[in-house]
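S.K.: The chain contents come next:
2 protein chains.
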Amino acid sequence: MPSTTVEDYLKRLYMLQQQTERRLVSMGSFAAAVGVAPGTATAMVKTLEDSRLVEYESRQGVRLTDAGERLALHVLRRHRLVEQFLVEVLGLDWSEVHPEAEVLEHAISDKVLARIDELLGHPEVDPHGDPIPTPAGDVADRTLASLAECEIGQPMRVAQVLDQDERFLRFADESGLTPGIDLTVESRDDVADAVTVRAGERDAVTVGTSVAAKILVEGV
Amino acid sequence: MPSTTVEDYLKRLYMLQQQTERRLVSMGSFAAAVGVAPGTATAMVKTLEDSRLVEYESRQGVRLTDAGERLALHVLRRHRLVEQFLVEVLGLDWSEVHPEAEVLEHAISDKVLARIDELLGHPEVDPHGDPIPTPAGDVADRTLASLAECEIGQPMRVAQVLDQDERFLRFADESGLTPGIDLTVESRDDVADAVTVRAGERDAVTVGTSVAAKILVEGV
DNA sequence: GATGTAATTTTGATTAGTCAAAATGAGTAA
DNA sequence: TTACTCATTTTGACTAATCAAAATTACATC
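Those protein sequences? They're chains A and B, same order as listed. The opening residue of the first sequence carries number 2 in this note's numbering; numbering runs sequentially from there. The opening residue of the second sequence carries number 2 in this note's numbering; numbering runs sequentially from there.
There could be a bad hint or two in this list.
If chains are identical, the list can't say which one is meant, so a pair holds when it fits in one copy or spans any two.
As a list, the in silico SDA-like pairs of lysine to any residue whose alpha-carbon atoms are at most 25 angstroms apart [claimed, not checked]: (1) K112 - D166; (2) K47 - A32; (3) K112 - R168; (4) K215 - S188; (5) K47 - A146; (6) K112 - D164; (7) K112 - L93; (8) K112 - D131; (9) K112 - E89; (10) K112 - T6; (11) K112 - Q165; (12) K47 - E8; (13) K112 - D174; (14) K112 - E175; (15) K112 - R171; (16) K215 - L93; (17) K112 - F172; (18) K112 - T179; (19) K112 - D9; (20) K112 - G40; (21) K112 - P100.
Since the hints were made in silico from the structure, they are not lab data.
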């Protein structure tokens, strides 16, 4: 029933909310995240409010209602299952599946989604380590440290990569910074704003803090 | 680049053209096939003409240009490969894949399509026996007889079923009238407007001529 | 040739989604 | 308070796609 456009707005709002205290998202950041002019976002938010998918207080901000969040998570589930499917079944590279899933997430029926889920053996994460919401809309919330903050010298395993940019993902792949890989942070240099990690037998890799912050790890 | 709507109009026009002498399609039948009001079809045809996807003479009819046909065949290829994929890989029933493919045909990229084609081993027909156009836009044109006109008593094999309706397809399945099945026409009764066929060890099945005309067979 | 019918085209309106630019308002600095 | 800045909202306009209903036209029939 909701249009592709509406699904997109809700998904973006959900993702923004995750990074916002009190879940309240400003119009400006919302418009930017969706990629439309500010006025367009205001207009859409009003129609979303009419459909009871968001709460909105003029000049305060927007927030998903329960119904809106449910829908957003449904879209996110489709997106991530599709990504996993494209990598596991069709053999695409993890760096190229995001834009494909961005389209397919609006075209997959519940029936097809269920089959994909089954075929994949009910995966819990997508190729980037992002958790796949359950059909009921539950998301595993792991609290993961990033390479920019985790303990030095401890054996760690990459769990999630927080960037969908194709070039970034190819770089991460070449550097061995992909989910499942074991590594240790060798050193961190605040002045150089850099982190050096070593994954197994590979050469050590040094990346800037902003990149390190996008690689989430868990203890192993 | 072309919208989902445009893709749909072109695909429908292609399919109508196949049943029309001189490939010229009337506005009325075009509008009906797409499922819009006549005026809507007229308007769309004009914009398609501006894009050089159709030729159009007022009150005469519409016809695809080469560019239009190429695009239509591309959509048809996506549709049929997706149907085959849904049945072969995801295990959906042939009676339920048409509406799914109707949506997915507009959401599949060339890259994903190529992977699907490969995974399926470059199939030549979809689950209903409809030929899958090649990437270059060539369609195998077999000249198949239907159960309403083929020779009586000769061993035949079902090649194609010309109806996408879910109920019809379930009926065909139950009656053993699916592509690949071997059968013979036992008798044809013009007065009763009926055709009786026997498939292997099964009980003979009698169907009306209008149904028989939808089941295409080839000599075996 | 005149007329009637039915298909087709035109017209006027609507909805969803969008932008640019003007107007508004809330908070900060003076 | 007053003024200023910047985010937000409003306004006016546009495009794609649609419909209903009025106007047109081609064709068959008389």
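S.K.: For each hint, tell me whether it holds in the structure or not.
M.R.: Each hint tested on the structure:
no., hint, verdict
1, K112 - D166, "between (30 angstroms within a copy, 18 angstroms between copies)"
2, K47 - A32, "within (13 angstroms within a copy, 35 angstroms between copies)"
3, K112 - R168, "between (34 angstroms within a copy, 18 angstroms between copies)"
4, K215 - S188, "within (17 angstroms within a copy, 72 angstroms between copies)"
5, K47 - A146, "neither (37 angstroms within a copy, 58 angstroms between copies)"
6, K112 - D164, "between (29 angstroms within a copy, 22 angstroms between copies)"
7, K112 - L93, "both (23 angstroms within a copy, 9 angstroms between copies)"
8, K112 - D131, "both (23 angstroms within a copy, 23 angstroms between copies)"
9, K112 - E89, "both (19 angstroms within a copy, 15 angstroms between copies)"
10, K112 - T6, "both (22 angstroms within a copy, 24 angstroms between copies)"
11, K112 - Q165, "between (27 angstroms within a copy, 18 angstroms between copies)"
12, K47 - E8, "within (15 angstroms within a copy, 32 angstroms between copies)"
13, K112 - D174, "between (33 angstroms within a copy, 21 angstroms between copies)"
14, K112 - E175, "between (37 angstroms within a copy, 22 angstroms between copies)"
15, K112 - R171, "between (33 angstroms within a copy, 18 angstroms between copies)"
16, K215 - L93, "within (22 angstroms within a copy, 39 angstroms between copies)"
17, K112 - F172, "between (36 angstroms within a copy, 22 angstroms between copies)"
18, K112 - T179, "between (31 angstroms within a copy, 23 angstroms between copies)"
19, K112 - D9, "both (21 angstroms within a copy, 23 angstroms between copies)"
20, K112 - G40, "neither (37 angstroms within a copy, 36 angstroms between copies)"
21, K112 - P100, "both (22 angstroms within a copy, 12 angstroms between copies)"
The structure fails to meet hints 5 and 20 from the earlier list, while all remaining hints are met.
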